[in-house]
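One line per chain: the protein sequences are A and B, in this order. Using the working numbering, you'd call the opening residue of the first sequence number 1 and step up by one each time. Using the working numbering, you'd call the opening residue of the second sequence number 210 and step up by one each time.
Do not rely on the hints blindly, as some may be mistaken.
Pulled a few chain B residues facing chain A out of the computed Cβ check, cut under 8 Å [to be verified]:
(1) VAL250
(2) GLY254
(3) ARG259
(4) ALA260
(5) PHE319
Simulated DEER-style distance windows between Cβ atoms [unchecked claim]:
(6) B/ASP235 x A/ASP16: 47 to 53 Å
(7) A/MET91 x B/ALA286: 32 to 38 Å
(8) B/VAL271 x A/GLY74: 49 to 55 Å
(9) B/ALA330 x A/GLU182: 49 to 55 Å
(10) B/PRO263 x A/ARG30: 36 to 42 Å
(11) A/ALA171 x B/PRO234: 41 to 47 Å
FYI, nobody ran anything at the bench for these hints, they're computed from the structure. Heads up, the beta-carbon is just placed ideally off N, CA and C, and yes, glycines get one too.
As a plain string of letters, each chain reads:
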Amino acid sequence: MNAAHVDDLDRIEMPDGFVWRPVRRRFGIRGFGVNAYTAKETGGQIVEEHSESELEHEELYLVLRGRVRFRIEGEEHELGPGQLAFLRDPMLRRGAVALDGDAVVLALGGRRGVPHEVSAWETMFLAVPAMREERWDDAIRLHEEALAEKPGHPALLYNLACMEARAGRPADALAHLRQAVEVEPKWAAHAAKDADFASIRDEPGFPSA
Amino acid sequence: MRGRVSFTVGDETADAPAGTLIDVPDGVVREAVAREEGSIVLAVGGRHGRAFTPHGWDEVVVAFAKARRGDLAGARAMLQALIARQPGEWHAPYNAACFEALAGNPDEAFAALAQAVELDADAVRSHAPGDGDLASLHGDPRWQELVG
Numbered sequence: 001m002n003a004a005h006v007d008d009l010d011r012i013e014m015p016d017g018f019v020w021r022p023v024r025r026r027f028g029i030r031g032f033g034v035n036a037y038t039a040k041e042t043g044g045q046i047v048e049e050h051s052e053s054e055l056e057h058e059e060l061y062l063v064l065r066g067r068v069r070f071r072i073e074g075e076e077h078e079l080g081p082g083q084l085a086f087l088r089d090p091m092l093r094r095g096a097v098a099l100d101g102d103a104v105v106l107a108l109g110g111r112r113g114v115p116h117e118v119s120a121w122e123t124m125f126l127a128v129p130a131m132r133e134e135r136w137d138d139a140i141r142l143h144e145e146a147l148a149e150k151p152g153h154p155a156l157l158y159n160l161a162c163m164e165a166r167a168g169r170p171a172d173a174l175a176h177l178r179q180a181v182e183v184e185p186k187w188a189a190h191a192a193k194d195a196d197f198a199s200i201r202d203e204p205g206f207p208s209a
Numbered sequence: 210m211r212g213r214v215s216f217t218v219g220d221e222t223a224d225a226p227a228g229t230l231i232d233v234p235d236g237v238v239r240e241a242v243a244r245e246e247g248s249i250v251l252a253v254g255g256r257h258g259r260a261f262t263p264h265g266w267d268e269v270v271v272a273f274a275k276a277r278r279g280d281l282a283g284a285r286a287m288l289q290a291l292i293a294r295q296p297g298e299w300h301a302p303y304n305a306a307c308f309e310a311l312a313g314n315p316d317e318a319f320a321a322l323a324q325a326v327e328l329d330a331d332a333v334r335s336h337a338p339g340d341g342d343l344a345s346l347h348g349d350p351r352w353q354e355l356v357g
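Make a model of the complete structure from these sequences and hints.
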């Protein structure tokens, strides 16, 4: 049987303090988005501060264990095991902290009226441990695999360029950064200030903001 | 989500305490039995490559519960609203036929069954013969005509 306990899922600590426990990826689910989150400690972030403005997902959060304090557009809601919070409006800013160290939140999401697509952020999250340990080749490979499924995805291209720049591959970094900016011009302004590109910012062809 | 259940997927059975996630592929028979009072299972599903559209089975369950409590008008209104919202789906009028048959209204039941047959005769003819909800219609000549 294809089963796993939430405590046995991979544990990927994110820079913002919360811990991603990949569910969709663990089972290879393609029909809908689902992931679990835990905190590093009591009082720690468990759901990152974000909105769904880019993906336009409706999201349902279910507290599986422990107590959690959600902050939704500045309003606080304390939820315990079995309590559900549904956010239909993707623009609402939301986040949560764990009031118990072993709290678990399950998040389910999807965009109304369109087939579910695996989100690019999963790859970016997945690459975080490799980036933290400066295993650039592993991080680059993960992004290349994701781009094979989502060719031309600007955020993936941008991240790939960051890692190639860090890995000492300036030509690849420049090429991918230029592709990202071509699809999504806003990345030029990000690149102008991004420390990842310090080594290539003076190269000819670096996109201007 | 809470408690403890015994989950069977295909021919495999496993103990599933709170926090267990189980992935069940399309077409595999699955069921679960609660091993603790108050157990809750959350089920989430979607079809790969298709936008999610509510199937309507949950409304059918609520409508039948209303009927069991004696609110036949409320149940009928829910089922008719479902038919109006899903005009191409055979199971909406099929469930209305079940409801009317159970309520002792054979004319309304056959009218709904005819609507379901028009939408998907094969599906209706594979489900209807074994469906106890429609048993009261078997002796009527219209049954042979519609279901065969």
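Quick rundown of the hints versus the structure:
no.: 1; hint: VAL250; in the structure: violated, 12 Å
no.: 2; hint: GLY254; in the structure: holds, 7 Å
no.: 3; hint: ARG259; in the structure: holds, 5 Å
no.: 4; hint: ALA260; in the structure: holds, 5 Å
no.: 5; hint: PHE319; in the structure: violated, 36 Å
no.: 6; hint: B/ASP235 x A/ASP16: 47 to 53 Å; in the structure: violated, 36 Å
no.: 7; hint: A/MET91 x B/ALA286: 32 to 38 Å; in the structure: holds, 35 Å
no.: 8; hint: B/VAL271 x A/GLY74: 49 to 55 Å; in the structure: violated, 35 Å
no.: 9; hint: B/ALA330 x A/GLU182: 49 to 55 Å; in the structure: holds, 53 Å
no.: 10; hint: B/PRO263 x A/ARG30: 36 to 42 Å; in the structure: violated, 20 Å
no.: 11; hint: A/ALA171 x B/PRO234: 41 to 47 Å; in the structure: holds, 44 Å
Violation of the numbered hints given earlier is confined to hints 1, 5, 6, 8, 10; the remaining hints are satisfied by the structure.
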